Amino acid sequence: MIIELGHYALVLALATSLLQAVLPIIGALRNDRALMEIGSVAAKATFLLVALSFGVLTYAHVTSDFSVQNVWENSHSQIPLIYKFSGVWGNHEGSMLLWVLILTFFSALVAVFGDNLPETLKANVLAVQAWIAAAFSLFILLTSNPFNRLLDAPGEGRDLNPVLQDIGLAIHPPLLYLGYVGFSVCFSFAAAALIEGRIDAAWARWVRPWTLAAWTCLTAGISMGSYWAYYELGWGGWWFWDPVENASFIPWLAGTALLHSALVMEKREALKIWTVLLAIMTFSMSLLGTFLVRSGVLTSVHAFATDPTRGVFILIILILFIGGALSLFAFRAAHLKAGGLFAPMSREGALVLNNLILTTAAATVLIGTLYPLALEALTGTKISVGPPFFNMTFGLLMLPLLLAVPFGPLLAWKRGDLLGAGQRLFAAVAFGLVVGSAIYYAQNGGPVMALFGIALGAYMIAGSLTELFLRSGLGKVTGAVALRRVSGLPRSVFGTALAHIGLGVTLIGIVAVTAFESEYIVEMKPGMTTDAGGYTLRFDGLRKGNGPNYSEESGHFTISRAGVDVAEAWSSKRFYTARQMPTTEAGIRTFGLSQLYISLGDGMADGGVVVRVWWKPMILCIWLGTLFMMAGGAVSLSDRRLRVGAPARAKKQKKPVLEPAQ
Amino acid sequence: MLFWILVATLTAAVAAVLLLPLLRTAAGAEAPQSHDVEVYRDQLEELKRDEKNGLISGEDADFARAEVARRLLAATDAVKASGPVSSVRRGNRLAQLAVILILPAVGLCLYLRTGNPDVPDAPLSARLANPGDDMNILIARAEQQLVANPEDGAGWDVLAPIYYRSGRIEQAAVAFRNALRILGATPVRLGGYAESLIALSGGLVTNEARDALQKLLAIEPGDPRAQFYLALALKQEGKAPEALAAFEQIVRTSPVGAPWLPLVNQHIAGLKGEAPGALAQQAGTPLGNPTGEDIAAAKDMSAGDRTAMIEGMVGSLAEKLKADPKNFEGWMRIIRSYSVLGQKDKAADALKQGLAAFPADGDEGKQLLALAGELGLKADGGVK
Numbered sequence: 001m002i003i004e005l006g007h008y009a010l011v012l013a014l015a016t017s018l019l020q021a022v023l024p025i026i027g028a029l030r031n032d033r034a035l036m037e038i039g040s041v042a043a044k045a046t047f048l049l050v051a052l053s054f055g056v057l058t059y060a061h062v063t064s065d066f067s068v069q070n071v072w073e074n075s076h077s078q079i080p081l082i083y084k085f086s087g088v089w090g091n092h093e094g095s096m097l098l099w100v101l102i103l104t105f106f107s108a109l110v111a112v113f114g115d116n117l118p119e120t121l122k123a124n125v126l127a128v129q130a131w132i133a134a135a136f137s138l139f140i141l142l143t144s145n146p147f148n149r150l151l152d153a154p155g156e157g158r159d160l161n162p163v164l165q166d167i168g169l170a171i172h173p174p175l176l177y178l179g180y181v182g183f184s185v186c187f188s189f190a191a192a193a194l195i196e197g198r199i200d201a202a203w204a205r206w207v208r209p210w211t212l213a214a215w216t217c218l219t220a221g222i223s224m225g226s227y228w229a230y231y232e233l234g235w236g237g238w239w240f241w242d243p244v245e246n247a248s249f250i251p252w253l254a255g256t257a258l259l260h261s262a263l264v265m266e267k268r269e270a271l272k273i274w275t276v277l278l279a280i281m282t283f284s285m286s287l288l289g290t291f292l293v294r295s296g297v298l299t300s301v302h303a304f305a306t307d308p309t310r311g312v313f314i315l316i317i318l319i320l321f322i323g324g325a326l327s328l329f330a331f332r333a334a335h336l337k338a339g340g341l342f343a344p345m346s347r348e349g350a351l352v353l354n355n356l357i358l359t360t361a362a363a364t365v366l367i368g369t370l371y372p373l374a375l376e377a378l379t380g381t382k383i384s385v386g387p388p389f390f391n392m393t394f395g396l397l398m399l400p401l402l403l404a405v406p407f408g409p410l411l412a413w414k415r416g417d418l419l420g421a422g423q424r425l426f427a428a429v430a431f432g433l434v435v436g437s438a439i440y441y442a443q444n445g446g447p448v449m450a451l452f453g454i455a456l457g458a459y460m461i462a463g464s465l466t467e468l469f470l471r472s473g474l475g476k477v478t479g480a481v482a483l484r485r486v487s488g489l490p491r492s493v494f495g496t497a498l499a500h501i502g503l504g505v506t507l508i509g510i511v512a513v514t515a516f517e518s519e520y521i522v523e524m525k526p527g528m529t530t531d532a533g534g535y536t537l538r539f540d541g542l543r544k545g546n547g548p549n550y551s552e553e554s555g556h557f558t559i560s561r562a563g564v565d566v567a568e569a570w571s572s573k574r575f576y577t578a579r580q581m582p583t584t585e586a587g588i589r590t591f592g593l594s595q596l597y598i599s600l601g602d603g604m605a606d607g608g609v610v611v612r613v614w615w616k617p618m619i620l621c622i623w624l625g626t627l628f629m630m631a632g633g634a635v636s637l638s639d640r641r642l643r644v645g646a647p648a649r650a651k652k653q654k655k656p657v658l659e660p661a662q
Numbered sequence: 001m002l003f004w005i006l007v008a009t010l011t012a013a014v015a016a017v018l019l020l021p022l023l024r025t026a027a028g029a030e031a032p033q034s035h036d037v038e039v040y041r042d043q044l045e046e047l048k049r050d051e052k053n054g055l056i057s058g059e060d061a062d063f064a065r066a067e068v069a070r071r072l073l074a075a076t077d078a079v080k081a082s083g084p085v086s087s088v089r090r091g092n093r094l095a096q097l098a099v100i101l102i103l104p105a106v107g108l109c110l111y112l113r114t115g116n117p118d119v120p121d122a123p124l125s126a127r128l129a130n131p132g133d134d135m136n137i138l139i140a141r142a143e144q145q146l147v148a149n150p151e152d153g154a155g156w157d158v159l160a161p162i163y164y165r166s167g168r169i170e171q172a173a174v175a176f177r178n179a180l181r182i183l184g185a186t187p188v189r190l191g192g193y194a195e196s197l198i199a200l201s202g203g204l205v206t207n208e209a210r211d212a213l214q215k216l217l218a219i220e221p222g223d224p225r226a227q228f229y230l231a232l233a234l235k236q237e238g239k240a241p242e243a244l245a246a247f248e249q250i251v252r253t254s255p256v257g258a259p260w261l262p263l264v265n266q267h268i269a270g271l272k273g274e275a276p277g278a279l280a281q282q283a284g285t286p287l288g289n290p291t292g293e294d295i296a297a298a299k300d301m302s303a304g305d306r307t308a309m310i311e312g313m314v315g316s317l318a319e320k321l322k323a324d325p326k327n328f329e330g331w332m333r334i335i336r337s338y339s340v341l342g343q344k345d346k347a348a349d350a351l352k353q354g355l356a357a358f359p360a361d362g363d364e365g366k367q368l369l370a371l372a373g374e375l376g377l378k379a380d381g382g383v384k
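Here the protein sequences line up with chains A and B, keeping their order. Mapping of the first sequence onto our numbering: position 428 corresponds to residue 428, and the numbering continues sequentially without gaps. Mapping of the second sequence onto our numbering: position 198 corresponds to residue 198, and the numbering continues sequentially without gaps.
In case anyone wonders, no lab produced these hints; they're calculated from the structure. Take these hints with a grain of salt, some might be off.
[Unchecked claim] Okay, the calculated bits of chain A under chain B, using three or more residues with CB under 8 Å as the criterion:
1. 9-23
2. 242-255
3. 316-328
[Said to hold, decoys possible] To spell it out: a stretch of chain A is covered by chain B in this simulated footprint if at least three of its residues, at any positions, have a beta carbon under 8 Å from a beta carbon of chain B; those stretches are:
4. 201-210
5. 459-466
[As the list claims (entries may be wrong)] List of simulated lysine-lysine pairs, DSSO-like, C-alpha gap at most 27 Å:
6. B:Lys352 x B:Lys322
7. A:Lys476 x B:Lys344
8. B:Lys346 x B:Lys366
9. B:Lys272 x B:Lys326
10. B:Lys272 x B:Lys344
11. B:Lys215 x A:Lys476
Owing to the predicted nature of the structure, the values given are computational and were not obtained by experimental measurement. Here a beta-carbon is modelled for each residue, glycine too, at the ideal position from N, C-alpha and C.
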């Protein structure tokens, strides 16, 4: 009965969404507050209903209720409790329900925190959100219902995909979806503005926290996914330009562009129309990503063609929302007032450059992802667009952007002084070159491009700090004054600096690993040793063991440096009985920012084992950088300066601002 | 009933919450431009700060100030012009009606289409605590014990025939093999093992099965089941005279009125009635699987019970296949069962449905057609 109640709650959520999708818009047209008010109430109700439904599905998974098909297919009575929870979204149906849960969660947030919004705008935003929620709820109920029942309940489940039985993957999808779906709010704000036919001056400020929150979560989700792939897939790669990864990376690029163009809009009312278009495109890319991942079109175009119900349904949603929003844009854009003026060489200009490059990059990745699919669909030829394509095109596009990053915050608004900014960055350039050369000498013989890449990363870090340094006036004033000045800076300045530093750190990690990584494949018998990255590994032997739902074979390694034992590592191969699937659990040891990565291969006839060892210098920088970026997003989000209060209250709230602001 | 009360309560609660705003009197809405005024004022303040910090030059700041001030003036005028917009309370009857109607209408229509209101929850712990006749749970429980202790021969002994009866033949064979390995040979285990192998190979008595049956006969000479399969093996190899002799031997040693006699006699009649040359073509006729099951069960059952049991099993299998037609093993079994029961029409019907689930050009489809050929069924639903 509980299960069926959860099922009914989802159906009721759909019905409520339908009301929320229609009534507030009518209210906005007729200027009827009561009807507009329904939007807020319905948004909260829908969220609670979907939460109830999700809770029930979780309950079914935790209690191993195999009369629910979804539980039977993706759970096992013996797996650890955490994977019973994560199994809820570790499958198609459950993850779509999570998608809708997060979507309605954001709608509810808008309803709760949107008191400062004009009523008509809020009503329209919630209505657009409800259209999306209704479409996806219907999709779940008709094509991917997690509440399908089995009349003759099996006694044991088929187990969660072993690859997904990992803490990383337990948190990765919710984070990713928070990002993906968070952009729906920006989309709804854009659509609502277009429906009304006017963009409020405060539009960018209202959208800003949503963009920042979504962007931060998406950054976290992608980073987490990348680290998971690194340690779980057993061959040491951290980014594969795989279509599934690209599907999350494209919205990230578009979202980053949106973040920056919204900055221009909130400060100068410039780029209004462009920002609205970007908000639409960002969420459209999230939808496209959902389509690519969820329709099965990626595995094979033909697999998709044989069971196209799901894919076609999402495709219709895709066309409806992207097409609808873009048509709306085409109708309205001509009537929207454009904003302020600026010279090409200015902060605004730098942000336009940023947008140009980021959107081009997003388009490049998009083409690289879709081209093989289109080709296969049209001609039947299967090709794969691999890392060489992306490294060449994407890498080249990023180069000018990365060079320009430190300039942006140093340029003045409206009309800047490039030469002046260049002079101020002189120290950063010098620092970059010094660090680059130092690494070059340390790693003697490394490729010249690596020198350049690392120098670029160091230059970005130093350049971002230059901004803070100059704002503090250190050198001209006493230390205490400088400290006070820095601590008085608006948080968004720190946010910018942190995010840009993060980009530099990630770049250093990527370049260092790509250029200086070393790989050793050896056949080892117990007692044998091999050298890797300045360390010596001794293989001590294999041990068999049993987990709750798998059996494993682990190799023990002792790692020593210059004859002294410094660490030990276990590297294992697991076999999950219910799914008859093997997985690898790489042995990873961290030394500073670098890692030693040990992966166990097949056993040989003579008792030896193939062991793959990688030395990954500075690899942790890749994810450390994303932590910086996330911190930047969070710090920026906590900047209350740009929040816009409701008109009546805003006057009271206005306090004199003592410290300099950006 | 409780479920429907809860459904009604939930629906009513949501409807009530949605109706609440419609029943309140509405106050006047503010002019849409009043927000803009705030933002423009804020922007002017910010400009002042930026200028002080040298983030924008004095000249440009003046330009920017002029831009913002222009917008500010326009917005202020707009607010004044519109004044406080009064929202007249209008008739919301239609909206109220929509809330009251759409929630239950959409909710119930869709739920009744997708839901299973009668299926109770089945948390595993409750099922384990009180398994009753829940065969799946009994199996799962035994399986769990065997994962912990795979050398528990008694466990395999219990599981093997259950697997066999629920159609998980492959697992049955493994279980019988394990029981044999751990606990040693007994007629029951050897017979079950042989039957699983025969069922796995689609009715063919394989060499491995024959070895097991011969061991069985060594322990218990005169076991009619083993004799029957060995005779069948001879027939399948095309050794018609030897097969005939073996079948006749079974008839001689069986008690009068033994329930397996009609089947044996059928084989004898078949062998006698056919030219020796045609026999070779008949090799592989899979009469083994369900028939063997009959015999095993018939050992302690009357003939009437036996038919009832088979029909019951076939009935439940048909139900399962109706719910999940993507069960290839199931179709193979049910087609064979119907033709053994003599219900050729039903067999042909099942064949048609099976082919609908597994098209004839696929691997499984071809196997279905091959089986039909052996049993003398036609794919178009008729009987040859």
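The hints, checked one at a time:
Three residues within the 8 Å Cβ limit are the bar, and the region 9-23 of chain A against chain B gives 10, so the coverage statement holds. Counting residues of the region 242-255 of chain A whose C-beta lies closer than 8 Å to any C-beta of chain B gives 0; at least three are required, and the coverage claim is violated. With a cut-off of 8 Å between beta carbons, the region 316-328 of chain A has 0 residues touching chain B; three or more are needed, and the interface restraint is violated. Figure legend: the region 201-210 of chain A, annotated as covered by chain B; annotation consistent (3 residues with Cβ-Cβ distances under 8 Å, at least 3 required).
Under a criterion of three residues with beta carbons nearer than 8 Å to beta carbons of chain B, the stated coverage of the region 459-466 of chain A fails, only 0 such residues being counted. A threshold of 27 Å between alpha carbons decides the hint, and for Lys352 of chain B with Lys322 of chain B the separation of about 13 Å falls inside it, so the pair holds. The straight-line distance between the Cα atoms of Lys476 of chain A and Lys344 of chain B is roughly 102 Å, outside the 27 Å bound, and the hint therefore fails. The suggested pairing of Lys346 of chain B with Lys366 of chain B holds, with an alpha-carbon distance near 20 Å, which does not exceed 27 Å.
Pair hint Lys272 of chain B plus Lys326 of chain B does not hold up; C-alpha atoms about 40 Å apart against a cutoff of 27 Å. With a C-alpha separation of about 24 Å, the suggested pair Lys272 of chain B and Lys344 of chain B falls inside the 27 Å cut-off, and the hint holds. Restraint check for Lys215 of chain B and Lys476 of chain A: the C-alpha separation of about 101 Å exceeds 27 Å, so the hint is violated.
The structure fails hints 2, 3, 5, 7, 9 and 11 (numbered hints given earlier, in ascending order).
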